[in-house]
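There are 2 protein chains.
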Amino acid sequence: MRKVYVIGAAATPIGEHWKLSLRELAVRALLTAIRDAGIDKRDVEALYVGNMSSGSLQGQEHLGALVATWAGLAGVAAFKVEAACASGGAAVHQAFLSVASGIYDCVAVVGVEKMTDAIPFDVTASLMMAEDQEYVAFTGTTFVGLNAMVYREYMRRYGVEQEDVARFAVHCHKMAVANPYAQFRREVSLEEVVNSPLIADPIRLLECAPVGDGAASLVLCSEDYLKRDPRDELIEVLASTAATDILSVHERPDLTTLNATRRALEKAVKQAKIEIGDVDVLEVHDAFTILGVVTLEDLGYAKRGEGWRLVKEGEVEPGGRIPTNTLGGLKARGHPVGATGVYQVFDLIKQLRGEAGENQVEGAELGLAQNLGGVGGTAIIHILRRVR
Amino acid sequence: MRKVYVIGAAATPIGEHWKLSLRELAVRALLTAIRDAGIDKRDVEALYVGNMSSGSLQGQEHLGALVATWAGLAGVAAFKVEAACASGGAAVHQAFLSVASGIYDCVAVVGVEKMTDAIPFDVTASLMMAEDQEYVAFTGTTFVGLNAMVYREYMRRYGVEQEDVARFAVHCHKMAVANPYAQFRREVSLEEVVNSPLIADPIRLLECAPVGDGAASLVLCSEDYLKRDPRDELIEVLASTAATDILSVHERPDLTTLNATRRALEKAVKQAKIEIGDVDVLEVHDAFTILGVVTLEDLGYAKRGEGWRLVKEGEVEPGGRIPTNTLGGLKARGHPVGATGVYQVFDLIKQLRGEAGENQVEGAELGLAQNLGGVGGTAIIHILRRVR
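So the sequence lines, in the order shown, correspond to chains R and F.
Here the first sequence is numbered in our numbering, starting from 1 and rising by one per residue.
Here the second sequence is numbered in our numbering, starting from 1 and rising by one per residue.
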């Protein structure tokens with residue numbers, strides 16, 4: 001395989017963009033990423049759109065050709081890639097493969113989701129399409145409900161208090177304050193989190209990633225492309241891996257660990273030839289606080305049942321052992337579902353470029369992002385290194 | 001890039017499968033393709049699901065993890081790829097890139113669509129998601145209506161009679177009789193076609209590909225994989241290319257040619273290092289008769305305005321100059337939207353393996369399939385060669 005580099009990255013702030021349509025969000029992020037890369041947009045040969053719900057929320061498919069057309073890129077190869085909440089990461093993975101293959105030299109990715117304009121479906125029903133419609137959704141459960149099962153079992157098995165899990169949200173909100181792209185740039189206290197309305201016992205409102213609109217975009221290229229257009233600063237995609245687990249939570253032998261994360265990680269550290277302890281900055285898929293905590297364990301940063309300790313002891317903050325979600329994570333930066341995996345890579349890039357402002361991790365060179373689809377039915381892992 | 005081979009292929013018959021769900025169709029085709037490849041299913045490292053409408057017709061996304069789980073493949077990397085009616089071809093393209101990249105050695109593709117069970121949407125509204133929802137669909141036009149514009153302009157510009165275009169359907173139905181996987185295994189006369197009910201002037205019912213359910217599947221592998229598991233018979237994917245055009249028909253400078261096809265073709269003949277005249281057997285995306293005729297021109301088999309002559313003169317039949325849709329094409333084999341691009345490759349493989357029965361093209365070694373999304377918003381081309 002050929003080496004793959006990221007030379008451009010951009011995003012829209014996440015929020016309720018009532019005046020921007022799905023395509024406008026996507027085109028804005030995409031053209032800004034192309035400008036950030038400093039390339040002629042005619043160099044882009046393929047476009048990968050990561051999106052989960054445009055069919056059910058906007059009545060719109062064929063996003064590849066749609067976004068290409070509106071970005072003035074009609075002609076390029078273009079596709080939509082879907083893997084539920086991991087659609088963004090999956091799109092980056094396909095873009096990575098397409099450059100690694102030697103077929104494409106310069107490829108763009110855009111992750112986009114518009115959740116405020118939900119025409120035929122409501123957002124909760126649409127999100128539930130990530131789980132098994134015939135055997136699970138019909139019971140009336142929601143994604144919050146499924147994650148609540150994981151949460152409840154985690155507390156029972158390891159004798160952990162809700163405060164210890166819920167603290168993950170406090171951390172993310174603290175990190176988001178300095179991030180101009182974040183949906184919620186304000187701190188919340190642990191008291192506020194555990195006293196916020198109950199959504200699905202034990203999950204509280206402030207433990208859930210919000211609904212929002214946004215688009216993030218990357219430009220990837222090959223070494224051959226760089227020979228024609230060399231760079232002073234450069235980030236390499238050291239690893240891009242994906243794995244699945246049994247789709248439905250209730251069919252898994254263990255609720256409190258996500259096999260898909262562990263499988264994707266095993267492949268990723270091998271591909272990148274790194275140790276997990278080498279990572280300077282981490283992005284985890286905290287759609288709910290419990291997923292953030294479990295992921296810290298699945299990635300090997302804590303023993304099982306002890307991921308929450310890293311948060312309690314401040315080890316996830318810049319300067320700590322493993323700075324995590326340093327720009328707010330899903331909880332506070334926001335979680336426009338199919339865009340999230342791309343936002344995670346965008347946030348890593350800000351750290352690796354030294355552009356993370358107040359939350360900068362000093363000397364950050366190696367970053368890892370973990371993106372989940374469903375309750376861990378899919379996991380995508382990316383490892384990036386600043387090479388100069 | 002590494003060379004890519006197809007070692008397994010299978011499909012379900014296309015029809016109204018009231019007793020088989022989306023996942024059952026997909027799993028049936030997938031496991032049969034794995035058996036056809038003669039491999040242990042644990043060798044499969046990634047799964048690409050080509051599908052357009054599961055979100056709007058079944059309320060189900062996350063098909064990668066869903067199909068992987070139900071096929072007993074949970075753990076593999078798995079994704080849904082969408083490019084409207086070219087979703088199947090797009091999934092094959094991603095699978096091709098993933099093997100070419102060197103990351104995956106053995107990959108499965110399944111194209112699947114279930115159009116008879118349409119829960120939240122009707123099929124016509126769902127298909128219209130391939131066009132621009134905000135600027136085109138709201139006018140009330142349908143896909144038949146858009147293709148009717150192409151048809152009308154083609155007849156006007158080139159002084160062609162409807163009979164000459166409509167004959168494409170007669171050909172496809174004749175070819176389907178011998179295909180046990182075809183939805184309509186019966187001949188229709190030209191009189192029946194041009195006197196069938198008018199759908200969108202001038203398009204008649206029997207000029208439209210039908211609505212149906214089906215799944216087709218392929219197993220692709222690398223040369224490294226073949227070293228461990230050598231084969232007496234082998235088909236290579238010589239080229240896999242994709243291109244887009246301006247999404248909406250009314251914004252294009254010329255209605256009667258599909259730029260996406262021409263762009264994908266240009267890349268494909270270069271990648272495969274062939275001349276278009278070398279092709280022994282052809283699959284074209286005849287969602288409507290007019291698209292079959294225009295495609296024969298866009299691929300260079302006829303001058304513009306004269307594609308219909310190849311049909312009239314019998315050149316598209318086995319034994320003719322360019323045997324086309326020899327197992328029935330979209331019109332009579334069927335068109336389960338997101339599966340179609342995979343069915344086309346499946347049909348080519350039957351010819352290249354010498355398993356096309358009565359319609360066998362003697363000595364067929366080189367095949368080309370063209371898959372369209374929307375009215376040519378996307379085009380995917382695959383070129384396959386029997387190498388032994």
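Hints may contain errors.
One copy or two, either will do: identical chains are not told apart, so a pair holds if it fits within one copy or between any two.
What the hints assert, rightly or not - Capping the alpha-carbon separation at 25 Å, the derived lysine-lysine pairs in BS3-like fashion look like this: (1) 41 - 3; (2) 267 - 41; (3) 267 - 3; (4) 227 - 19; (5) 312 - 174; (6) 303 - 270; (7) 227 - 270; (8) 312 - 227; (9) 3 - 270; (10) 273 - 303; (11) 174 - 273; (12) 227 - 267; (13) 41 - 270; (14) 227 - 303; (15) 312 - 3; (16) 174 - 270; (17) 303 - 267; (18) 227 - 41.
Simulated from the structure, these hints should not be mistaken for laboratory data.
25 Å Cα cut-off: does residue 174 pair with residue 273 within a copy, between copies, both or neither?
neither (33 Å within a copy, 57 Å between copies)
Have a look at residue 312 and residue 174 and pick one of within, between, both or neither, based on CA distance no larger than 25 Å.
within (13 Å within a copy, 72 Å between copies)
I want to check one pair: residue 174 and residue 270. Are their C-alpha atoms no more than 25 Å apart within a copy, between two copies, both, or neither?
neither (33 Å within a copy, 54 Å between copies)
Intra- versus inter-subunit Cα pairing at 25 Å for residue 227 with residue 41:
This pair counts as within: shortest intra-copy Cα distance 18 Å, inter-copy 41 Å.
Within, between, both or neither: how does the pair residue 312, residue 227 come out at a Cα-Cα threshold of 25 Å?
neither (47 Å within a copy, 52 Å between copies)
Have a look at residue 267 and residue 41 and pick one of within, between, both or neither, based on CA distance no larger than 25 Å.
For residue 267 and residue 41, only the inter-copy Cα distance (19 Å) is at most 25 Å; the intra-copy one is 33 Å.
Taking 25 Å as the upper bound on the Cα-Cα distance, should residue 227 and residue 303 be classified as within, between, both, or neither?
Classified as neither: same-chain Cα gap 44 Å, cross-chain 41 Å, threshold 25 Å.
At most 25 Å between CA atoms: does that hold for residue 227 and residue 267 within a copy, between copies, both, or neither?
Between copies, since 23 Å is at most 25 Å while 29 Å is not.
For residue 312 and residue 3, with the copy left unspecified, which applies at a CA distance of at most 25 Å: within, between, both, or neither?
neither (38 Å within a copy, 51 Å between copies)
Which holds for residue 303 with residue 270 at a C-alpha limit of 25 Å: within a copy, between copies, both or neither?
Cα proximity of residue 303 and residue 270: one copy only (21 Å, versus 54 Å across).
Are the CA atoms of residue 267 and residue 3 at most 25 Å apart within a copy, between copies, both, or neither?
Both: 17 Å inside a copy, 23 Å across copies.
State whether the alpha carbon distance between residue 41 and residue 3 is at most 25 Å within one copy, between copies, both, or neither.
Within. Shortest intra-copy distance 21 Å satisfies the 25 Å Cα cut-off; inter-copy 30 Å does not.
Hints 4, 8, 11, 14, 15, 16, counting from the list given before, are not met by this structure.
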